[in-house]
Amino acid sequence: MNKIDTLNKYTFDKALTVEIVDLKEIHDETIPAWWKNVFSQEDNNSRIECLIKHWEEILGTEMRNTIMYFKEFLKNIELMKLGNKYFILYSIKSLKSDEILFYTGGNPLEKNFSDKTELKCDWDRVPERLKLFYEELHDGFYYFPSRGMGIDSIDNVTYLDEDEWGIIEELDEPIEINLKSSYGFFSNGAGSYVVIDIADCKNDKAILWSAKTAPDYDLNFWDVVDEWTVIGFD
0 MNKIDTLNKY TFDKALTVEI VDLKEIHDET IPAWWKNVFS QEDNNSRIEC
50 LIKHWEEILG TEMRNTIMYF KEFLKNIELM KLGNKYFILY SIKSLKSDEI
100 LFYTGGNPLE KNFSDKTELK CDWDRVPERL KLFYEELHDG FYYFPSRGMG
150 IDSIDNVTYL DEDEWGIIEE LDEPIEINLK SSYGFFSNGA GSYVVIDIAD
200 CKNDKAILWS AKTAPDYDLN FWDVVDEWTV IGFD
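Everything in the sequence shown is counted per numbering that gives the first Met the number 0, starting at 0 for the first residue and increasing by one.
Take these hints with a grain of salt, some might be off.
Result set (DSSO-like, lysine-lysine): computed pairs, CA atoms no more than 30 Å apart in a straight line [as the list claims (entries may be wrong)]: (1) Lys92 with Lys119; (2) Lys80 with Lys52; (3) Lys13 with Lys92.
Ranges between beta-carbon positions, derived for each pair [said to hold, decoys possible]: (4) Asn44 with Asn177: 46 to 54 Å; (5) Arg128 with Ile167: 23 to 31 Å; (6) Ala189 with Met67: 41 to 49 Å.
Because the hints were derived from the structure by calculation, they are not lab data. Don't be surprised by glycine CBs; every beta carbon is placed ideally from N, CA and C.
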C-alpha cells in the first residue's frame, strides 16, 4: 500500500482525501512564512535542516530529545492538504521497527476555537512556551493515524470539566486541580493526558491525568511531553 492510500485510511471522513501539494499551489496568506521558507529549499535534506532549526528556535530546550530524534530519524517532510487545511507531513523512521511513522504538524494560522469557548477565553493564561508552540510552530503535532501520542490540535484539546471522571470517586484524597480550569494538551490515545491547570501552572507545572489511574501531580509539562513523544516514535 502506498503512502497516500495508507494516510487515506485515517482521515476519519470518507469525504476527505489526503493530497501532497507543492508550495506553488498555496496562496501566500494561507501558511506561515517559515513554512514557505522550509519548502523553498532545494532538496529534502535542506528542508529538514531548516525545519529542525525552527523547532530549536521555539522549543530547543523543552523538546530537545524530540529534536535529537528528528536529526537522525526524520526522513522526509511534505506539505499535506486534508479538506481545506494544510499540514506538514513528517515521515519518521522508528528506531525499533524501521517502520516509517506518519506524524502531522498543523498550520498555526488555522487554529480552530469554534468549539473551544473556554479555552479561547483562557488562552492568555496558557503557559508562554506552549502558547508559542501553537501560535508559531504547529496547531498540534501528533501521530496521524490515531491523532494521539502528541500535542493535540486546538480542536482536540480536552477540557476536563466537560467529561465525567469516575476515577475521582475512587480516590482516597480530593483531587488537587480545578477541573474548570484544566486542559489536556497532550494525549497518548489511550485515555491518559498531560494536563495543565491554568490557574496553577507556574514553571510549566502539569498533571498526568487518566480515566483509570490516580493523577500524578507536580510534573513539568515539557519533560513529560518530550519523553512521551519520543516513546511514540519507538
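I want to verify a distance hint. Is the separation of the beta carbons of arginine 128 and isoleucine 167 within 23 to 31 Å? 29 Å, holds
Lysine 13 and lysine 92 were given as a pair; does the straight-line alpha-carbon distance stay at or below 30 Å?
28 Å, holds
### Message
lysine 92 and lysine 119 were given as a pair; does the straight-line alpha-carbon distance stay at or below 30 Å?
### Response
Answer violated: lysine 92 to lysine 119 is near 35 Å, above 30 Å.
* Taking the CB of asparagine 44 and the CB of asparagine 177, does the distance hold inside 46 to 54 Å? -> Holds - the Cβ-Cβ distance for asparagine 44 and asparagine 177, about 47 Å, lies within 46 to 54 Å.
| task | For the pair supplied as a hint, lysine 80 and lysine 52, confirm whether the alpha-carbon distance does not exceed 30 Å. | result | Distance ~23 Å between lysine 80 and lysine 52 Cα, so the pair holds.
Is 41 to 49 Å right for how far apart the beta carbons of alanine 189 and methionine 67 are?
With a Cβ separation near 25 Å, alanine 189 and methionine 67 fall outside 41 to 49 Å, so the hint is violated.
Violated hints for the displayed structure, listed by number in ascending order: 1, 6.
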